[in-house]
Amino acid sequence: MSIGHTLLGLLESGPRHGYDLKRAFDEKFGHDRPLHYGQVYSTMSRLLKNGLVEVDGIEAGGGPERKRYAITEAGITDVERWLATPEKPEPYLQSTLYTKVVLALLTSRDAADVLDTQRSEHLRSMRILTDRKRRGDLADQLICDHALFHLEADLRWLELTAARLDKLREAVAR
Amino acid sequence: MTTTPPPGSLLVARDLRKVYGPTTALDGAAFSIHPGEVVAVMGPSGSGKSTLLHCLAGIVTPDSGSILYDGRELTAMSDSERSALRRSEFGFVFQFGQLVPELTCVENVALPMRLNGTPRKEAERAALAWMERLEVDDVRGKRPGEVSGGQGQRVAVARALVTGPRLLFADEPTGALDSLNGERVMELLTEAARSANAAVVLVTHEARVAAYSDREIVVRDGRSRDMERVV
Amino acid sequence: MSAAQWARDLGMGLRFAFAGGREGWTRALLTAVGVGLGVALLLLTTALPAALAERDRREEGRLNYTYGEQIARADDTLMTADTNTEFGGRDIRGRLLEPEGDKAPLPPGLREFPAPGDMLVSPALKELLDSGDGALLRERLPYDIVGTIGEQGLIGSQELAYYAGAQGLADRAGDGLVGRIDSFGDPNPTEEEMDPVLMLLILVVFVVLLMPVAVFIAAAVRFGGERRDRRLAALRLVGSDGGMTRRIAAGEALGGALLGLVFGTAFFLAGREFAASVEVFRISVFPSYLNPSPLLALLVAVAVPAAAVLVTLLALRGVVIEPLGVVRTARPARRRLWWRLLFPLAGVVMLVPMLGQGKENGEFNGYLVTGGVICLLVGVTALLPWFVETVVARLGSGSVSWQLAVRRLQLSSGTAARMVNGIAVAVAGAIALQMLFAGVEADYTKETGYDVSLAQMQVRVPEGTEIDAATAKLAETEGVRKVYPLSEGYFADRPYTEEPQRSAQLTVGDCATLREVAKLPSCADGDVFAVQGGEHDTDTPSLSRPGQKLYAEVPSPGEEMKEVEWTVPGALKEAASVEDPTGTKRGGFLLTRGAMPDDLAEAVRGQLYLAIDDSVPHAREHVRNTAAAIDPLSDPMTWSATERTERFDTIRTGLFVGAAAVLALIGASLLVSQLEQLRERRKLLAALVAFGTRRRTLSLSVLWQTAVPIGLGLLLAAAVGITLGAVLLRMTATPVGVDWPSVLQMTGIGAGVVLVVTLLSLPPLLRMMRPDGLRTE
Numbered sequence: 001m002s003i004g005h006t007l008l009g010l011l012e013s014g015p016r017h018g019y020d021l022k023r024a025f026d027e028k029f030g031h032d033r034p035l036h037y038g039q040v041y042s043t044m045s046r047l048l049k050n051g052l053v054e055v056d057g058i059e060a061g062g063g064p065e066r067k068r069y070a071i072t073e074a075g076i077t078d079v080e081r082w083l084a085t086p087e088k089p090e091p092y093l094q095s096t097l098y099t100k101v102v103l104a105l106l107t108s109r110d111a112a113d114v115l116d117t118q119r120s121e122h123l124r125s126m127r128i129l130t131d132r133k134r135r136g137d138l139a140d141q142l143i144c145d146h147a148l149f150h151l152e153a154d155l156r157w158l159e160l161t162a163a164r165l166d167k168l169r170e171a172v173a174r
Numbered sequence: 001m002t003t004t005p006p007p008g009s010l011l012v013a014r015d016l017r018k019v020y021g022p023t024t025a026l027d028g029a030a031f032s033i034h035p036g037e038v039v040a041v042m043g044p045s046g047s048g049k050s051t052l053l054h055c056l057a058g059i060v061t062p063d064s065g066s067i068l069y070d071g072r073e074l075t076a077m078s079d080s081e082r083s084a085l086r087r088s089e090f091g092f093v094f095q096f097g098q099l100v101p102e103l104t105c106v107e108n109v110a111l112p113m114r115l116n117g118t119p120r121k122e123a124e125r126a127a128l129a130w131m132e133r134l135e136v137d138d139v140r141g142k143r144p145g146e147v148s149g150g151q152g153q154r155v156a157v158a159r160a161l162v163t164g165p166r167l168l169f170a171d172e173p174t175g176a177l178d179s180l181n182g183e184r185v186m187e188l189l190t191e192a193a194r195s196a197n198a199a200v201v202l203v204t205h206e207a208r209v210a211a212y213s214d215r216e217i218v219v220r221d222g223r224s225r226d227m228e229r230v231v
Numbered sequence: 001m002s003a004a005q006w007a008r009d010l011g012m013g014l015r016f017a018f019a020g021g022r023e024g025w026t027r028a029l030l031t032a033v034g035v036g037l038g039v040a041l042l043l044l045t046t047a048l049p050a051a052l053a054e055r056d057r058r059e060e061g062r063l064n065y066t067y068g069e070q071i072a073r074a075d076d077t078l079m080t081a082d083t084n085t086e087f088g089g090r091d092i093r094g095r096l097l098e099p100e101g102d103k104a105p106l107p108p109g110l111r112e113f114p115a116p117g118d119m120l121v122s123p124a125l126k127e128l129l130d131s132g133d134g135a136l137l138r139e140r141l142p143y144d145i146v147g148t149i150g151e152q153g154l155i156g157s158q159e160l161a162y163y164a165g166a167q168g169l170a171d172r173a174g175d176g177l178v179g180r181i182d183s184f185g186d187p188n189p190t191e192e193e194m195d196p197v198l199m200l201l202i203l204v205v206f207v208v209l210l211m212p213v214a215v216f217i218a219a220a221v222r223f224g225g226e227r228r229d230r231r232l233a234a235l236r237l238v239g240s241d242g243g244m245t246r247r248i249a250a251g252e253a254l255g256g257a258l259l260g261l262v263f264g265t266a267f268f269l270a271g272r273e274f275a276a277s278v279e280v281f282r283i284s285v286f287p288s289y290l291n292p293s294p295l296l297a298l299l300v301a302v303a304v305p306a307a308a309v310l311v312t313l314l315a316l317r318g319v320v321i322e323p324l325g326v327v328r329t330a331r332p333a334r335r336r337l338w339w340r341l342l343f344p345l346a347g348v349v350m351l352v353p354m355l356g357q358g359k360e361n362g363e364f365n366g367y368l369v370t371g372g373v374i375c376l377l378v379g380v381t382a383l384l385p386w387f388v389e390t391v392v393a394r395l396g397s398g399s400v401s402w403q404l405a406v407r408r409l410q411l412s413s414g415t416a417a418r419m420v421n422g423i424a425v426a427v428a429g430a431i432a433l434q435m436l437f438a439g440v441e442a443d444y445t446k447e448t449g450y451d452v453s454l455a456q457m458q459v460r461v462p463e464g465t466e467i468d469a470a471t472a473k474l475a476e477t478e479g480v481r482k483v484y485p486l487s488e489g490y491f492a493d494r495p496y497t498e499e500p501q502r503s504a505q506l507t508v509g510d511c512a513t514l515r516e517v518a519k520l521p522s523c524a525d526g527d528v529f530a531v532q533g534g535e536h537d538t539d540t541p542s543l544s545r546p547g548q549k550l551y552a553e554v555p556s557p558g559e560e561m562k563e564v565e566w567t568v569p570g571a572l573k574e575a576a577s578v579e580d581p582t583g584t585k586r587g588g589f590l591l592t593r594g595a596m597p598d599d600l601a602e603a604v605r606g607q608l609y610l611a612i613d614d615s616v617p618h619a620r621e622h623v624r625n626t627a628a629a630i631d632p633l634s635d636p637m638t639w640s641a642t643e644r645t646e647r648f649d650t651i652r653t654g655l656f657v658g659a660a661a662v663l664a665l666i667g668a669s670l671l672v673s674q675l676e677q678l679r680e681r682r683k684l685l686a687a688l689v690a691f692g693t694r695r696r697t698l699s700l701s702v703l704w705q706t707a708v709p710i711g712l713g714l715l716l717a718a719a720v721g722i723t724l725g726a727v728l729l730r731m732t733a734t735p736v737g738v739d740w741p742s743v744l745q746m747t748g749i750g751a752g753v754v755l756v757v758t759l760l761s762l763p764p765l766l767r768m769m770r771p772d773g774l775r776t777e
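Protein chains in written order, with the UniProt record's numbering: chain A, 1 to 174; chain B, 1 to 231; chain C, 1 to 777.
Be a bit skeptical, because a hint or two may be false.
To be verified - Calculated lysine-lysine pairs in the DSBU-like style (CA-CA distance at most 35 Å, straight line):
id: 1; chain 1: C; residue 1: 585; chain 2: C; residue 2: 562
id: 2; chain 1: C; residue 1: 585; chain 2: C; residue 2: 519
id: 3; chain 1: C; residue 1: 519; chain 2: C; residue 2: 573
id: 4; chain 1: A; residue 1: 67; chain 2: A; residue 2: 28
id: 5; chain 1: C; residue 1: 126; chain 2: C; residue 2: 473
id: 6; chain 1: B; residue 1: 121; chain 2: C; residue 2: 683
id: 7; chain 1: C; residue 1: 683; chain 2: B; residue 2: 142
id: 8; chain 1: C; residue 1: 562; chain 2: C; residue 2: 683
id: 9; chain 1: B; residue 1: 142; chain 2: A; residue 2: 133
What the hints contain is simulated information worked out from the structure, not anything from laboratory work.
Construct the entire structure; sequences and hints are all you get.
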């Protein structure tokens with residue numbers, strides 16, 4: 001899962017402090033694994049270096065200084081590209097896909113597009129596996145079947161998510 | 001979504017609309033298929049997949065839109081013309097309930113040829129050849145009620161292909177089968193279709209069935225998305 | 001098995017019958033309508049004997065019986081004249097009334113006598129006279145309508161009848177149509193003994209009509225069977241055992257049957273009201289006639305639900321209801337023939353002892369007759385499934401539609417046979433009866449002997465009317481081609497007071513008319529002929545000696561006989577008798593007009609024989625009108641070659657009415673099961689249409705599917721019917737002959753029902769063939 005893209009996506013709705021970013025991330029995506037504060041800073045400095053975010057302002061006050069980050073045009077394009085690129089079908093993809101879908105919803109993009117694109121990519125892999133299975137021996141068939149069933153499970157999740165996009169949109173907007 | 005049909009398409013449908021009472025089944029769907037191509041039509045239940053297939057096959061007339069098959073406009077044809085087209089150029093496989101229960105399997109397979117006026121002997125000879133390819137020639141004398149689901153579905157595939165159709169419509173052909181039988185049916189169906197250079201419109205909600213296709217389109221809320229042209 | 005458990009299971013089934021949602025309701029309703037129709041017919045049948053008896057009673061109650069003792073004029077006497085006529089093929093009962101005192105008897109249905117020139121009419125006649133069609137009739141009955149005849153005076157709601165007031169009837173008392181009575185009704189009623197052959201006919205008619213109703217009710221409780229089976233499987237799944245399931249199914253059928261009883265009563269009551277407004281085969285009844293006998297009605301109320309339970313239990317016998325579905329032994333054991341043959345054989349055995357008893361000792365054992373006929377007809381229902389299965393199994397495949405139909409029949413020939421059983425039974429019975437009718441018809445049909453080709457009507461010239469004037473009037477009437485006026489009377493060898501021994505007929509007419517009755521050597525006015533070779537004439541040769549005195553009677557009512565003396569002239573010519581317009585060869589004397597002395601004119605009665613031109617519309621009605629204008633008592637007669645006895649006609653009519661009702665009923669049940677079958681195949685039909693099956697192919701296959709079993713059923717019905725007919729004919733000692741026209745007619749009606757049913761089921765079929773059937777939602 002790309003934390004950088006996720007944080008960028010969160011910034012799209014408006015500039016935020018680093019601490020806010022961590023809280024928003026944990027709330028939406030970090031159900032079982034909250035983000036370390038240090039991870040936020042190292043990621044943000046990488047993004048700053050790549051010109052995808054800029055510092056919007058610094059609040060001096062009691063305690064540590066607080067930078068406010070804002071996303072740049074290049075940052076938005078990067079998020080766009082990331083969302084449109086299907087993930088390589090592989091096991092345990094859900095967290096990435098989930099993040100993408102939620103981000104798409106958060107940024108008012110078409111989440112169904114994300115899912116459709118992903119389905120298409122999955123099917124492409126499944127076609128290749130199916131083809132290999134047809135030509136191969138029993139061992140090939142069993143191996144391919146294993147992969148196919150996993151991909152199918154992903155796809156079922158995709159379908160289910162697609163069917164529940166409206167509910168998810170409401171939940172995310174809260 | 002505008003689609004420019006690629007040249008050499010066998011069947012091109014544009015902007016199909018169909019309303020059943022209060023429900024809109026199709027709302028501007030489009031579709032195209034090349035000769036010999038296998039296209040999966042995917043989407044959740046109630047999305048309009050089956051209605052799309054019925055329209056493409058000339059079983060149902062859409063309320064508006066155009067369906068061009070081999071240069072002929074399907075929506076402008078009379079019912080009997082479309083029936084004749086279905087008899088001679090199209091083949092059909094449904095989920096269940098399509099075999100005539102009182103006819104034997106070989107008679108079922110021969111039925112479309114006989115509808116076209118082929119003499120019984122000749123039709124049944126051709127039927128038997130197809131049943132051999134689909135590995136169901138051993139049940140030729142049995143009635144559909146006496147054979148397994150997988151066998152029955154393969155009989156149905158043989159029947160769909162016996163007239164040498166250019167376009168095969170399959171609506172959830174494995175819907176009532178377990179995965180092993182379903183796969184066998186799909187393998188035989190696509191192989192047979194490819195060898196006969198028949199295009200296949202495959203309506204399914206199962207990814208592993210759709211994986212037997214060359215490409216897929218997705219129908220949602222009566223609108224279609226052709227994934228190949230989006231990516 | 002405890003009664004309580006039976007009751008519980010049946011009760012549960014009853015609840016299922018009505019609580020099964022829309023589908024359950026539909027099924028219960030279908031069954032109820034079917035059973036209801038059957039029940040209504042049963043109730044009608046139970047009411048029929050009473051209705052016919054009531055008709056007879058009323059008919060008897062209004063008889064003006066004038067053949068008894070001569071009654072002297074008094075203040076309680078009434079003069080009546082029969083002036084029946086016919087209009088448009090319908091009989092009209094007409095009576096002229098002239099009370100001779102204050103206490104003159106009123107006919108039933110009248111509150112007071114119509115004044116001369118007035119008349120009281122039946123409601124149906126009033127309607128006819130008021131309508132445009134009745135204009136011609138109005139001319140014939142020029143009386144003022146002052147009221148209607150009450151129900152007590154009529155034998156049917158559609159009967160045409162009138163009572164008109166008259167004057168001077170006493171002067172016409174010598175006329176056979178005029179008489180004096182002091183009361184209405186048969187003065188000495190006799191219990192008319194039913195002819196055993198007629199009794200046999202009535203018995204058979206009832207059995208023949210009721211059998212199909214029973215078959216129909218049995219079929220009706222099985223409507224919607226397939227869906228019910230699925231529900232029963234679900235019951236098994238939740239743990240009811242086989243017996244329970246069967247009883248629950250029986251309970252469902254019971255529900256339908258009970259509702260059917262209610263429906264049947266309603267249908268019957270509605271039909272009863274409707275019955276008043278129709279006239280079937282010239283018989284109409286009043287609703288009040290149709291009161292089912294309470295005992296029989298009770299029997300129906302008990303027997304129908306019981307039969308429903310029984311039939312269901314029997315039908316489920318060959319079916320194994322398993323928790324996961326209903327297993328009909330996939331290929332039922334081939335139907336065996338031997339026990340099916342037992343029924344017709346038993347029937348024949350029961351009837352054989354009575355062979356030839358119809359004529360002499362005339363005793364039929366009612367139970368044996370009924371039992372035998374029932375066995376033969378049940379034989380049809382038992383044989384038909386075997387017959388259909390055997391034949392269908394051998395049918396080859398032809399066109400696609402034929403193949404579809406034949407294969408379907410091979411798979412479920414039992415269903416098909418069940419469908420046509422009703423028709424087969426009805427047709428078999430009807431054929432047998434028709435044969436019986438045709439066979440005994442000769443006995444019950446008098447050859448009237450009238451030569452219809454020469455003259456078709458006869459009009460009496462009443463007393464006091466000039467024959468020439470009447471001839472002229474009739475000759476001018478529209479549609480009359482020729483009038484043959486003849487005056488007729490009788491000569492006797494002695495005056496009537498001296499009891500004559502020999503007699504000869506006397507015919508007076510002009511030469512042209514006389515040539516129609518005898519071959520005359522030559523003829524001039526004033527000639528007298530003695531006719532040789534007349535039928536039933538033995539006395540003419542001995543009476544025709546010149547100079548012999550003969551006496552002719554002059555009818556004069558209530559007074560001393562008068563007679564006219566006539567002497568056989570010397571110049572007597574010989575004539576040879578030929579068939580006259582009435583078809584008889586007459587004998588006696590022929591007198592030309594000029595040869596008749598004036599006083600003899602009193603002793604002869606004019607008869608006008610009319611040749612009618614039937615190409616003129618209403619020719620006969622015009623003749624009747626002219627005749628009535630000449631005199632209401634002129635009594636025009638239309639000749640037909642034969643006339644049957646009335647009672648025989650009634651039975652035959654009853655059969656037709658019943659057969660029509662039964663076939664309509666069976667047609668309805670055929671339609672219901674046909675539609676149900678189509679609905680079950682909806683998806684298959686849609687799939688067949690999808691891959692391009694022509695509507696014609698499927699429609700044809702539906703037709704074959706009905707036509708083949710029906711054809712076989714009719715074939716079997718014809719065979720059994722002819723057998724039964726032959727046996728019945730032998731019983732009445734009548735030569736056996738197959739009445740092919742009636743066989744064709746009955747099978748034709750059966751086939752017609754099939755055709756109508758197929759036609760009626762086509763629109764739903766075409767609707768179901770719409771691709772919407774493919775939609776799963």
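Status of each hint after checking the structure:
no.	hint	in the structure
1	C/585 with C/562	29 Å, holds
2	C/585 with C/519	11 Å, holds
3	C/519 with C/573	11 Å, holds
4	A/67 with A/28	22 Å, holds
5	C/126 with C/473	28 Å, holds
6	B/121 with C/683	28 Å, holds
7	C/683 with B/142	21 Å, holds
8	C/562 with C/683	94 Å, violated
9	B/142 with A/133	32 Å, holds
Checked against the numbered hints given earlier, this structure breaks only hint 8.
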